[in-house]
Amino acid sequence: SAVISQKPSRDICQRGTSLTIQCQVDSQVTMMFWYRQQPGQSLTLIATANQGSEATYESGFVIDKFPISRPNLTFSTLTVSNMSPEDSSIYLCSVRGWRGSDEKLFFGSGTQLSVL
Amino acid sequence: QQPVQSPQAVILREGEDAVINCSSSKALYSVHWYRQKHGEAPVFLMILLKGGEQKGHDKISASFNEKKQQSSLYLTASQLSYSGTYFCGTEMNFGNEKLTFGTGTRLTIIP
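Chains as they are written, first to last, in this note's numbering: chain E, 1 to 116; chain G, 1001 to 1111.
So that you can see chain E by itself, here it is in the shape it has in the complex:
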């Protein structure tokens, strides 16, 4: 199993500013995944963060807007840059791991972001 500490849990930010979200995992993992969940919507993958290489972004997400760092196998950050109200969402980091015989996604507790 994996335990993920994500912070901040929530923040209210002004338009045009940036916020950095941190995720710390209690074990070493190769890939960390960053998801966005807009109000009332499903989870959308932003990017996959690999240690030692650049993150892989999904269609519709770019590095300038969502820069990611992955300095080691237990830590990653996601920055939401030059924020607008449309960035108001829950941001979740996750990793793959095992629970018994099942491989699953473990999630951080999420960051509720509101942009004014």
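Worth flagging that the hints you see were computed from the coordinates, not collected in a lab. Note that the structure is predicted; figures quoted are calculated from it, not measured. Careful, some of the hints might be misleading.
[Stated by the list, open to error] Each computed DSS-like pair below joins lysine-lysine, with the alpha-carbon atoms no more than 30 Å apart: (1) Lys1026(G) with Lys1098(G); (2) Lys1050(G) with Lys1068(G); (3) Lys1098(G) with Lys1059(G); (4) Lys1037(G) with Lys1055(G); (5) Lys1067(G) with Lys1098(G); (6) Lys1037(G) with Lys65(E); (7) Lys1098(G) with Lys1050(G); (8) Lys65(E) with Lys1098(G); (9) Lys1037(G) with Lys1059(G); (10) Lys1037(G) with Lys7(E); (11) Lys1098(G) with Lys7(E).
[As the list claims (entries may be wrong)] Under 8 Å between C-beta atoms, here's a sample of chain E residues computed to sit facing chain G: (12) Arg15; (13) Ser42; (14) Leu43; (15) Thr48; (16) Leu92; (17) Arg96; (18) Glu103; (19) Lys104; (20) Phe107; (21) Ser109; (22) Gly110.
For each residue, glycine too, the CB sits at the ideal point set by N, CA and C.
Dock chain G against the given chain E, drawing on the hints supplied.
Leaving out everything else, chain G in the frame of chain E:
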């Protein structure tokens, strides 16, 4: 392509049964099911692998028909604690690791 779930929302009385479907336009290696309660992160329910698998624990079970690229989640004798939004997460290839989540199904259980 995002998997499509049906129904979008359902309201049940305690003790009734529900079926939630997840349909993909692409071939799948595995299907995960998660439940999310308001204000919380999604919680893993089960994973089904390619091969026409069926699984279940307690009163929640699921099936995976790889030929139809569909999975169904079965909730029997529903309890109040089953309320939440259910998401399927699909994986295209072994080792791909990233999941694409479905559109979601909001389940409300009333006493």
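Do the hints match the structure? See the list:
no.: 1; hint: Lys1026(G) with Lys1098(G); result: holds, 15 Å
no.: 2; hint: Lys1050(G) with Lys1068(G); result: holds, 12 Å
no.: 3; hint: Lys1098(G) with Lys1059(G); result: holds, 28 Å
no.: 4; hint: Lys1037(G) with Lys1055(G); result: holds, 22 Å
no.: 5; hint: Lys1067(G) with Lys1098(G); result: holds, 21 Å
no.: 6; hint: Lys1037(G) with Lys65(E); result: holds, 29 Å
no.: 7; hint: Lys1098(G) with Lys1050(G); result: holds, 16 Å
no.: 8; hint: Lys65(E) with Lys1098(G); result: holds, 21 Å
no.: 9; hint: Lys1037(G) with Lys1059(G); result: holds, 18 Å
no.: 10; hint: Lys1037(G) with Lys7(E); result: holds, 20 Å
no.: 11; hint: Lys1098(G) with Lys7(E); result: holds, 22 Å
no.: 12; hint: Arg15; result: violated, 25 Å
no.: 13; hint: Ser42; result: holds, 5 Å
no.: 14; hint: Leu43; result: holds, 4 Å
no.: 15; hint: Thr48; result: holds, 6 Å
no.: 16; hint: Leu92; result: holds, 6 Å
no.: 17; hint: Arg96; result: holds, 6 Å
no.: 18; hint: Glu103; result: holds, 6 Å
no.: 19; hint: Lys104; result: holds, 4 Å
no.: 20; hint: Phe107; result: holds, 4 Å
no.: 21; hint: Ser109; result: holds, 6 Å
no.: 22; hint: Gly110; result: holds, 5 Å
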